[in-house]
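Q: Chains as they are written, first to last, in the numbering used here: chain A, 1 to 397; chain B, 398 to 794.
Only true hints are included.
Listed below are several chain B residues computed to face chain A (Cβ distance under 7 Å; list not exhaustive):
| no. | residue |
| --- | --- |
| 1 | N419 |
| 2 | T538 |
| 3 | A539 |
| 4 | S690 |
| 5 | L695 |
| 6 | S699 |
Computed beta-carbon distance windows for the label pairs:
| no. | chain 1 | residue 1 | chain 2 | residue 2 | range |
| --- | --- | --- | --- | --- | --- |
| 7 | A | K23 | B | G647 | 17 to 27 Å |
| 8 | B | P430 | A | E51 | 52 to 62 Å |
| 9 | A | E32 | B | D568 | 55 to 65 Å |
Lysine to aspartate or glutamate pairs mimicking EDC-like chemistry, simulated, CA-CA at most 16 Å apart:
| no. | chain 1 | residue 1 | chain 2 | residue 2 |
| --- | --- | --- | --- | --- |
| 10 | A | K297 | B | D684 |
| 11 | A | K28 | B | D719 |
| 12 | B | K422 | A | E144 |
| 13 | B | K422 | B | D432 |
| 14 | A | K28 | B | E541 |
| 15 | B | K420 | B | D432 |
| 16 | A | K162 | B | E662 |
| 17 | B | K621 | B | E569 |
| 18 | B | K745 | B | E765 |
| 19 | A | K37 | A | E51 |
| 20 | B | K425 | A | E144 |
Treat the hints as calculated values from the structure; they're not laboratory data. Beta carbons are placed, not taken as given, at the ideal position from N, Cα and C, and that holds for glycine.
Number of protein chains: 2
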Amino acid sequence: MKIAVMGYGTIGSGVVDVLRINKEKITKRAGEPVDVKYILDLREFPGDPMEDAIVHDYQTIVNDPEIGIVVETMGGVEPAYTFVKAMLEAGKQVATSNKNLVAAKGAELIKIARDHNVNFQFEASVGGGIPIIRPLNKCLTADEIEEITGILNGTTNYMLTKMAEEGADFDEVLKDAQEKGYAEKDPTADIEGHDPCRKIAILTSLMCGRQVDFEDIHCEGITKITADDFKYAKVLNRSIKLLASSRKVGNSYSCMVAPFMLSAEHPLCGVNGVFNGIFVHGNVLGDAMFYGSGAGKLPTASAVVADIVDMTKHKNTNIYIDWSPEKLTLVDYKDSVNSFFVRTSSGKETIENAFGSVEYADAGIAGEIGFTTKDMTEAEFEKAAAQIEVRNRIRLG
Amino acid sequence: MKIAVMGYGTIGSGVVDVLRINKEKITKRAGEPVDVKYILDLREFPGDPMEDAIVHDYQTIVNDPEIGIVVETMGGVEPAYTFVKAMLEAGKQVATSNKNLVAAKGAELIKIARDHNVNFQFEASVGGGIPIIRPLNKCLTADEIEEITGILNGTTNYMLTKMAEEGADFDEVLKDAQEKGYAEKDPTADIEGHDPCRKIAILTSLMCGRQVDFEDIHCEGITKITADDFKYAKVLNRSIKLLASSRKVGNSYSCMVAPFMLSAEHPLCGVNGVFNGIFVHGNVLGDAMFYGSGAGKLPTASAVVADIVDMTKHKNTNIYIDWSPEKLTLVDYKDSVNSFFVRTSSGKETIENAFGSVEYADAGIAGEIGFTTKDMTEAEFEKAAAQIEVRNRIRLG
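Given the sequences, and given the hints that come with them, work out the whole structure.
A: Put into structure tokens, the structure is as follows:
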């Protein structure tokens, strides 16, 4: 099997590394050797062992009938979409790690692949090295999946873990994460939740078999989380995690990205540092959880190479993925139900007039008190919260 | 697709239930309806909705060309082995939840299935509803798996969790587990570790592609764990779990079932109650963990039905499973390396003469002290331990 890698950055070079490191195992499992014939990149890589494989025009790959599989690790929707589409239409299989591409064009590319009797796979686009896409498509097939809730972004989980452990404030841990290379110079996609939002859109599409647009998902990041919030989390024996969550409600799904305060019993509560965790509830399976490295060069490349092995074994067989382009209308965010932790300087009478009976939490911060509410809709919460002063509010999980 | 279920006990009736509960989803994913034509059981089930499907002679199933898939949920090696072999030889695919059968005859039945271009699948034999067999075979294919360590028995994990939470002693929690139906009247297979031993033998066979005999695995149960041990675990901020573990050492594997004291950072430390967790370390993936219901009627049936869906989609295709009958010789147990927690009435001088420098732990129990050792082989530990009085010793993880 001759393959091409488009994008020789962190993940792309990781794919080349994994194919070399585990050459023998991979050959055995794929049933034949997998060789990298081309690497598409705008740059030259003088002195790189793969120097001779570098090409600059994607048509070189499109027009080479020897290429059976193309790996896309460029990131972004364009030109990745144009390139991937051309590869599928030329009868080549494609594996991608690109969540932006999959969230925006997944349903369409799956259909193009099916029409050309090839496969479009994207295990690495969610949860890095954690197997989750293939388990959803191939393992949890006896179930109606009623909930998927994940810690899907390693950068923000590293930051929140550090805030919890060190009592540090947001700006401080962001600087540290940037110095360590966990956060990018422009950290927006991570800290504003845009990255996990695309990932939960992909997972929800696979749950329901229809297109879920990430633009429709209510998305809050972690920028408003402070060291004081973690003082209350400690008192309440909870941890604060950025969750991307999707729950079946009637014939639709309620979907959200936001920080949650998790109880110690929640399977995701102990998922710390750069790790990811994905909680799944099936109607007959019950609770399950998948945990591992959600990012990083080799773990992510491991998932891409698993796609390559699978596609090498399915050269002339389209593996059915249930994700139609027909759009799903999500439950209105204002109707989604949660309980809340709230910090306020208002008095207890005012609080109880607005929220009814609540449970108080005191973290010893002067001039304020914390409390937790019962389950209520977002609309009900907003109405009640307008009657008190709110310093911060975090949903409970 | 017409199927037969052999054994109408908890799991077998669960399979019938799951096929009914999720009929629509399963039909869509399998590509056709899946109907139960026969149920093989020695008993009659008057009044049962499936009464008319009951048969008593397995030859009825063997000789019906309409039957494409047979589910085996009888348990035990015989007559399950004879029946399953006959089904495969008759060109029928088989899904089983039976760890005893898979551990003893897995390699042979996989070969018979391959020779007849059908499949023998056993997702439910390890970890109940948790997808682990298919992820090992189909997802983690880019990796050299260097370690699998699991909490693979829900009964003992329930008991150990209860001892940790309530300070209760072994006999007390065993009685409670029996009353709740988690432990059987004869609890030997669970509390002596025979059940997880067969499961780790299966997982190790899949790691190395060769036959691992469970009889070769050093196996200790939880019967020697006392309430006092948990007092030390609390002091050390650790939890006591019955682990089944397999690590690659050179060209072989070091394999063991025993109670371990896990540090709070270990991904399995928070796996409580009847849940199972399976930790996997791959050379490029890094750490991953799979968590969920390791037993129970519907979760286990969910895994069996996932096999049925997969086999319905692969009617004339053998899915390769790398598990040859060639036997693997495990690393000698005496050479395996661990650190240990020890409780003793001996004095510090005696302890240090035997073990060198150690770290002490005091749980306030009169007349004894606890300590933890550095890494040493089992042989080295036994030699040192012979020089002191040992009340109990538990490996560290």
